[in-house]
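**Student:** Sequence:
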Amino acid sequence: MGKSRRDFIKISALGAAGIFAGSKFIMAHNHKVIPENLKGPWAMPQDLMRTPTYCEVCFWKCAGWTYKNDEGQIQKIIGHDDDPNSNGRFCPRGTGGVGMYYDEDRLKTPLIRVKGADGKQTFKKASWDEAFDFIQDKLEKVIKTHGPECLALFTHGSGGTYFGNLLKALGSQNITAPSYAQCRGPREVGFIATFGDGLSSPEPTDIRDTRCMVLIGSHIGENMHNGHVQEMSDAIDKGATIITVDPRFSTAASKSKFWLPIKPSTDLALLMAWMHVLIYEERYDKKYVEQYTFGFEQLKAHVKHMTPEWAYGITTIKPQVIRETAREMSYASPATIIHPGRHVTWYGDDTQRLRAVAILNALLGSWGRRGGFYIPDKAKVPGVPHPPYPKPRKTWRDAMGGKYELADLALANGVCDATVPSATMDCNIKAWIVNGTNLIETLPNRPNTLAAINALDLMVVVDTMPMEITGYADVVLPECTYLERYDSLRITQHREPTISLRMPAMKPKYDSKPAWWMAKNLAERLGKGDYFPFDSIEEELDFQLKKVGTSLEEMQRIGVKKMERAYDDLYYKDGEEVEFNTNTGKIELYSTSLEEYGFDPMPKFTAHPEPPAGYYRLIYGRAPMHTFSRTANNPNLTDLMDENTVWVNPKVAKEWGLENNQEVYLQNQDNVVSTFPIKVRVTERIRWDSVYMVHGFGHANKKLSRAFGRGASDTEMITNVMTDPIMGGTGMRGNFVTFRFNKA
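Letter by letter, the sequence shown follows residues 16 to 759 of this note's numbering.
Some clues are possibly wrong.
[Stated by the list, open to error] Derived lysine-lysine pairs resembling DSBU-like cross-links, with alpha carbons at most 35 Å apart:
no., residue 1, residue 2
1, K588, K666
2, K393, K91
3, K395, K278
4, K83, K395
5, K123, K140
6, K418, K91
7, K270, K253
8, K524, K140
9, K395, K140
10, K130, K156
11, K577, K315
12, K694, K91
13, K418, K393
14, K758, K156
15, K588, K301
16, K577, K524
17, K272, K315
18, K576, K562
19, K395, K406
20, K522, K562
21, K409, K393
22, K393, K301
23, K130, K619
24, K159, K135
25, K270, K666
26, K561, K522
[Stated by the list, open to error] Estimated spans, in silico, between C-beta atoms of each pair:
no., residue 1, residue 2, range
27, Y582, G398, 50 to 60 Å
28, D423, D22, 55 to 65 Å
29, D423, Y525, 51 to 61 Å
Bear in mind the hints are in silico, worked out from the structure with no lab data behind them. From the three backbone atoms N, C-alpha and C, an ideal C-beta is built for every residue, glycine too.
Make the full structure from the sequences, and use the hints.
**Tutor:** Structural data, given as C-alpha cells:
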C-alpha cells in the first residue's frame, strides 16, 4: 500500500488552541445550528434528584436509576426493580458507568483534520456550526459524484437509531454493526435455518427453570449478561447441572458438574457425537421430534458413524465423558439448554456449528418448552411519521459477488470490503459515519480496515472517548455520555414486554452533544428535515409514548413500564399445533434452505489447521468489569482491572522459562508483533496448546491516560480471518502466537 492520505493523529497533540475558523476547508452554507429545545411540560434534569436511565456500557442495556447527591452531582446508578433485564441489580460494569461521565479524557469539542504549515496533519478545534459545514460539503460532493449508496454507517450504540434514520433518508441502506458479523451472526442464521426464528437479545433462554445447561464456549459470568448470570446462579442453587466445554477453566467451569477441556477447533465433532448418543441410545424426545421436526431419518443416518470413540480422537474428550454428559442432558429434557453463546465467530464453519447447537436443542425438545427456550414478546411502539425512504440503487451486497445472501443484516467486514477500491465495482463506498464503535480494535484484519479508511473521501467519528478510530477521522464529533442525554426508547424482548426510558441526569459536559441532535442538524442541512419532524427529542418520545397509553411525564417518574403480552403462553402447550417459519413449516434437522443455497443441509466436522511448532492457539474472551475496548480507560473500572495478562500453561512456561508477571511480546503466525508487552500468568486453567487473554487492552492512543500501553491487543494478532461461507462472519480463532522477550 502506498503513502496514506490519512495519517493517524494523536488527539492529545492538537495544533493551535481555540476554535477553528476561517479555514479554506470550511464551506459557508449560512445554516444555523438548531438549538436544543428543552421546553415542554416535562421535568428537567436539574429538577430531579433521581432520573431513569438504561445502561450503555454493554448491549444488555439494563434499566436503572441515576441518583445525584445534595450538590447535584451524579453519585450512583442502581438497577430498576421492574426491569426484567436487571431485576433491580446492576453488574460491575453498570455500576461503574458513572466513571464515563467523570472521565477527564473525554472528547470535549468537535475536531477537524487539517494540514499545518509544516505539512503534517493535525486536528483543529471547531465549533459545531463549522463541523456541520465541513460534513455537509463533503457529503453533498460524495452524493453528487457517486450517489447516496456510497455512504455507510458503522454503529454500536443507541445513536445508531438516529444516524441510521439520516442515512436511509439520504438513500443508503449500508448500515451495519460489528455485533453481527464479528459476534452473533452465525447463530442467528443457524437458528433461523433450523427453527425459522433467530434469538436476538436478550436470548430467550429459560435459565431460571432449566435443569441442565450446556455452555460450549459461552463465558456467562465473565461476559456479564446480567439477567442470565442471575438466573444461572439461581438455577445452580436449585440443583441444575452445568456442563462447560472450554479449553480454559473459566468462571463458569468452576461452577460446573462437568468441565470438558476440549481441544480448540473441534467443538463440532463433540456436538455431532452428542447427537449420535441421543439418537442411537433413543434418548431424544420422540414425541416432540415426530410432531415438530423434518429430516430425522436423514440426520440419524448422517451421525451413524460419529460415535464418541470417533470424537475422542478429535476432541481429546473421553468417550465415557461424552456419553455421560449426553445422558445428563436427556435426563433433564426438555428443561435442557444447549446455550447458543454470543461471540460465536471462531473457525469459519460457525453457522454449521450453531446449526448443530440448534439441532441438539430440537432433539431434546427444548425449543418452546419450560426450562429450555421460552417464547419472547416485545412491546409494539409506533415509529415517528416521516416520508418513505428512497430505494437505493445498490448496497454493500453488490460488492460481494452474490455471496452471503443468507446474512439477514449488513456485514461490517462486507461494508469494509466494499470500501476498498475494486475494479469489479462501479461505485465503492466513499464516506463513513462511525458511531460508538472502535473499528481498529473491533474488525479483524486491521490492514484491510486501514486500506478502506485510506480510500474514503470522508470519515466522521462520533464517540465519547478518543479511541484509536478517532485518530483516523476527518471530523470527530464528541457525543455526551448516556447519563447526559435522552435516547430512543429501550424496547427489548423478554418474558414480558417492557418500555424503558433513558433521561439525562445532567446537562452535557464540555461541548459534547447527543446523537439525536447531531443527526437532526445534518438532516436539516442536507434537505432531509422531514425525517426528523420534531423540534426536540422530548417531543418525539412523548409522541411515541402517548401512542401506547403513557407519556414522557409518566415515564420520567416510573422509568420502566410493563406491557401486556401479545401471546398467551411462554411455552407450547403439550401437543399444540405449531407452524415454524421454515420451508417445510417444521423444525428442520435437515435444512432445505441451506441446501437450496448450495450448502450442506446438515453439519459436518472439518479439521482445522494446527499451531506450528513453538506456537499456541490464541484464545480471547471477556472480563466481568469491562466491555470490549470501550471501558479500558473508565476510572471506576480500571481500579478493578487495568490490564490484561496472557494465560500460559505451566508446561509451556517451563519450556520457555517464563515466570508470573514477566513481560513478553506476542508474535503471530504472520510475524506481527504486539505493539506493547503483556504480563504472563502461569496457570493450569489453560490447555498446553493454547494461550488466553482478555480482549480490549493495548490501547495506542496516548490521550487514554489510564489505558495507553496497558497490556496487549488481541485484535492486533488476528490477521488470519476465516470467513464463514454461509453468512460472511469473520472466524478469528485460527491465529497462533509465540513469545518474544524484546520488541526488536
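**Student:** Does each hint fit the structure? Answer for all of them.
**Tutor:** Verification of the hints:
1. K588 with K666: violated, 53 Å
2. K393 with K91: Holds - the C-alpha atoms of K91 and K393 are around 29 Å apart, at most 35 Å.
3. K395 with K278: Judged against 35 Å, a Cα distance of about 45 Å means the pair is violated.
4. K83 with K395: holds, 32 Å
5. K123 with K140: holds, 9 Å
6. K418 with K91: Measuring from Cα to Cα gives roughly 48 Å; hence the hint is violated.
7. K270 with K253: holds, 13 Å
8. K524 with K140: holds, 16 Å
9. K395 with K140: Violated, because 42 Å separates the two Cα atoms, which is more than 35 Å.
10. K130 with K156: Since the Cα atoms of K130 and K156 sit roughly 21 Å apart, the hinted pair holds (cutoff 35 Å).
11. K577 with K315: violated, 45 Å
12. K694 with K91: Since the Cα atoms of K694 and K91 sit roughly 33 Å apart, the hinted pair holds (cutoff 35 Å).
13. K418 with K393: This hinted pair holds, its Cα atoms lying about 32 Å apart.
14. K758 with K156: Cα-Cα ~44 Å, so violated.
15. K588 with K301: holds, 16 Å
16. K577 with K524: The given pair, whose Cα atoms are some 33 Å apart, holds under the 35 Å limit.
17. K272 with K315: With Cα atoms ~29 Å apart, K272 and K315 stay inside 35 Å; holds.
18. K576 with K562: The hint holds at about 14 Å.
19. K395 with K406: Holds, at about 25 Å.
20. K522 with K562: holds, 28 Å
21. K409 with K393: Roughly 32 Å between the alpha carbons, so the hint for K409 and K393 holds.
22. K393 with K301: holds, 32 Å
23. K130 with K619: Cα-Cα ~55 Å, so violated.
24. K159 with K135: Within the cut-off at roughly 30 Å; holds.
25. K270 with K666: holds, 25 Å
26. K561 with K522: Distance of about 25 Å is within 35 Å: holds.
27. Y582 with G398: 50 to 60 Å: violated, 22 Å
28. D423 with D22: 55 to 65 Å: At roughly 37 Å between Cβ atoms, D22 and D423 fall outside 55 to 65 Å, so the hint is violated.
29. D423 with Y525: 51 to 61 Å: About 39 Å separates the Cβ atoms of D423 and Y525, which means 51 to 61 Å is violated.
Comparing the model with each numbered hint stated earlier shows that hints 1, 3, 6, 9, 11, 14, 23, 27, 28 and 29 do not hold.
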